[in-house]
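Single-letter residue listing:
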Amino acid sequence: MSRFIRASGAAALALPPAEAAAHAFGARYDLPLPLTLWLAAAGLTVALSFLVFALALRRGTRGASYPRLNLLRLPGARALAHPLVVEGLRAVSVCAFVVLIAAGLFGTQDPFRNLAPAFLWIAWWVGFTYLSAGAGDLWALLNPWKALYLWAEAITRWIRSAARFGLHRDLPAGVGVWPATALLLAYGWIEIVWDGNAVPANIARLALGYSLLTWTCMFVFGREAWLRSGEVFAVYFGLLARLAPSEVRARSAAACAACTARSCRAVPGDCVNCYECYARAAPADREWNLRPPAAGLLDPRPVPTSAAAFVIVMLATVTFDGARETPLWAGLLARASRPGEPIADSVWSAAATAGLLLGPCVFALVILGASGLMARLTRGDVRPASAGELARLFVPALLPIAFAYHVAHYLSYLLVAGQVVIPLASDPFGRGWDLFGTAHYKIAVGIVGARFAWYTSVIVIVLGHVLAMYLAHRLALGRFSEPRAARRSQYPLAALMVAYTMASLWILAQPIVETAPGPVK
Amino acid sequence: MENASGAHHAPGVASLLAAVIALAACLALPVMAGDESAQAAVRAFEIRIEHRRVSQAQRVLRATEGEHVELRWSADEPLVVHLHGYDFETRIAPGEPAVTAFVARLTGRFPVAIHAEGESKHRHSALLHVEIHPR
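If you're matching them up, the sequences are chains A and B in order.
For the first sequence, position 495 matches number 495 in this note's numbering, and the numbering has no gaps at all.
For the second sequence, position 92 matches number 92 in this note's numbering, and the numbering has no gaps at all.
Where hints are given, some of them may not hold.
Stated by the list, open to error - Listed below are several chain B residues computed to face chain A (Cβ distance under 7 Å; list not exhaustive):
| hint | residue |
| --- | --- |
| 1 | G85 |
| 2 | L106 |
| 3 | T107 |
| 4 | G108 |
| 5 | R109 |
| 6 | P134 |
Simulated from the structure, these hints should not be mistaken for laboratory data.
No experiment lies behind these values; they were computed from the predicted model shown.
Even for Gly, the Cβ is constructed at its ideal location relative to N, Cα and C.
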């Protein structure tokens, strides 16, 4: 989490804004998980793991099929999916994008009185994470870079009907989502390490720079190709949307055959959450489905290495973000500084950068180790698998645990600190405006108490763990011919998942120790 | 509704259901046990700041939601202490002890920081933390 987000709690509470900025180094005010709850959660995690083992493998299900309900058959939902509604939503999203950049460039540079930092780091980055996993792949609909590019394409076609927009160079097949992975690391560094990440002008410049990069690459490689491999937020929110209880699906072999993604088919002829196929398919072949949560993670095809790396960076960044607020991390930093002296900026930044880069390496090694064991234990199966293949098959099943930890760590904070968007929406530039009459809204700090935060954390983390275990079992049953091999494959993975869940719980049971920056002046 | 393999879902659904029930049972116990001491007591702490530090025992001060909390400060140099979250500032000088008094309505872990003239831009750990636990 950005330091700005942690800092904004204090600012939100202080009465005069100028005063607040002067004492900006605030904190998250979460109480650590008490020992009794920690023990209960840890016990449940282990007990339920055995339960999943006992029940899920007895009579296995194979394949990626699941019940779904096509909302397009309901008149109300069909109206919602009308192109006019979709374009309207896109227009709102593009407006928000433009306001964000304008606020950054022309508004006050006080991070707590400008809409840009609060909108970017709280409302959008945390809020959209929950929206994607909780509702569906809404970013594919609202992505302002995609929307503006689509409009540019439409205008070009309108002016010269035969014109072909863009160069459509092929991205080499080996590129995968490596560009997005590199961008995710860079974004993580900006979020967690960079001192200037809350300065409104910096946010605007970064957004403009990223726009230039995105549109150039879309122009060279094609819109959908870049959205799939390089637009880091499309990849990020798209992966989270695999957890969501909704999907779009195109049931048309002809539409799929023309898709620039060579591998968008989940089941032969069916493309899930591939908006390129969805747009190309005839209306009768389109579906907008409700489905069981996380059904999108039942895809039996191993993900490419680059996608596995992307997921690992996601998992490691979220975990590291929590781990660096523990007394353990503060102790490590203190050891690197002279005794009795405050921790220097350079030490803090270097340590955080190292943690950000080493985290994914450690995760990858542990996952590869577990996959190696899985491969060994299942050598007797008719269809043995390599460690690499198993890692690529099972890494996405870890997403529910990571998402659950994210909710546990940030939900109560989003609900409190996120409220700053309400007054700032009325005065985005910090000029004393009151556009919607909400400029004097006062943040209700008491809406979530410690007890709410604790129980949400424990429930969500244990459910995430059970979901991950269940998904992995179904994937194993689909992959291996014999139930026995499938079961054996799950021993190392279950151990890994229990350890991962325990680590998440351990972080929540630690008092948050701030190694916060000095006063923002 | 399309159901390609509904008949085979029973084990998975059962395990999830069992998970929810087990969770609910475990979580209900501490919730029901929690509401006993609801009277408004005064919880006072004598805090001595020397060289901008407090004794190890006072690094974390614990109180319960609803209590009247009094932080009675004394210091060896002029300082302003800031209780974050509640956002109270208290000025202290040698020989002039001061008190931060409030009703603990918000639960959470709130840092107290020292604000003084000419602070360099270093990363401080908090002077101490005040933990307000739920009733």
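Cross-check of the supplied hints:
With 7 Å as the threshold, the beta carbon of G85/B comes within range of chain A, its nearest partner Cβ sitting at about 5 Å, so the hint holds. Hint on L106/B holds. Least Cβ distance to chain A is approximately 6 Å, under the 7 Å limit. Hint status for T107/B relative to chain A: holds, with the closest Cβ pair at about 4 Å, below 7 Å. Annotation: interface hint on G108/B holds; nearest CB of chain A at approximately 3 Å, less than 7 Å.
Hint status for R109/B: holds, given a least beta-carbon distance of 5 Å to chain A, under 7 Å. For P134/B, the shortest C-beta to C-beta distance to chain A is roughly 5 Å, which falls under 7 Å, so the interface hint holds.
Hint compliance for this structure: no hint is broken.
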